[in-house]
Amino acid sequence: MDVSLVLKVAGMGVLVSAAVQILSKTGRDEQAVMVTVTGIVVVLLMLVGEVGTLFETVRSVFGL
Numbered sequence: 624m625d626v627s628l629v630l631k632v633a634g635m636g637v638l639v640s641a642a643v644q645i646l647s648k649t650g651r652d653e654q655a656v657m658v659t660v661t662g663i664v665v666v667l668l669m670l671v672g673e674v675g676t677l678f679e680t681v682r683s684v685f686g687l
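So this note's numbering is basically just the index in the sequence shown, starting at one, shifted up by 623.
Be aware that a few hints might be false.
Derived DEER-like restraints, expressed as beta-carbon distance ranges [stated by the list, open to error]: (1) Phe678 to Val632: 14 to 24 angstroms; (2) Lys648 to Val681: 42 to 52 angstroms; (3) Val684 to Asp625: 12 to 22 angstroms; (4) Val671 to Gly650: 31 to 41 angstroms; (5) Val626 to Leu667: 18 to 28 angstroms.
I should point out that these hints are in silico values taken from the structure, not numbers from a laboratory. Here the structure is a predicted model, which is why all the values come from computation and not from measurement. Ideal Cβ positions, reconstructed from N, Cα and C, are used throughout, including at glycine.
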């Protein structure tokens with residue numbers, strides 16, 4: 624796993640949390656929830672490739 628991936632995920636977390644705080648303070652709770660869900664989906668999409676690589680590594684190590 625690369626350090627840049629960790630920094631990207633952390634950056635997304637900071638951006639999403641700032642946006643959610645701003646939206647919540649202005650009374651737009653529905654949009655805050657949508658921003659949270661969108662942030663989670665984006666981070667999961669970023670991690671899909673790494674999980675695939677992990678499974679391929681496990682298969683090659685155990686000869687499956």
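Indicate whether the distance between the beta carbons of Lys648 and Val681 respects the range 42 to 52 angstroms.
45 angstroms, holds
Between Val684 and Asp625, does the beta-carbon spacing fit 12 to 22 angstroms?
20 angstroms, holds
Consistency of beta-carbon spacing, Val632 to Phe678, with hint 14 to 24 angstroms
Holds - the Cβ-Cβ distance for Phe678 and Val632, about 19 angstroms, lies within 14 to 24 angstroms.
Could you tell me whether the CB distance from Val626 to Leu667 stays inside 18 to 28 angstroms?
Cβ of Val626 to Cβ of Leu667: about 20 angstroms, so the range 18 to 28 angstroms holds.
Using the beta carbons of Val671 and Gly650, state whether their distance is inside 31 to 41 angstroms or not.
35 angstroms, holds
In terms of the numbered hints stated before, the structure departs from none.
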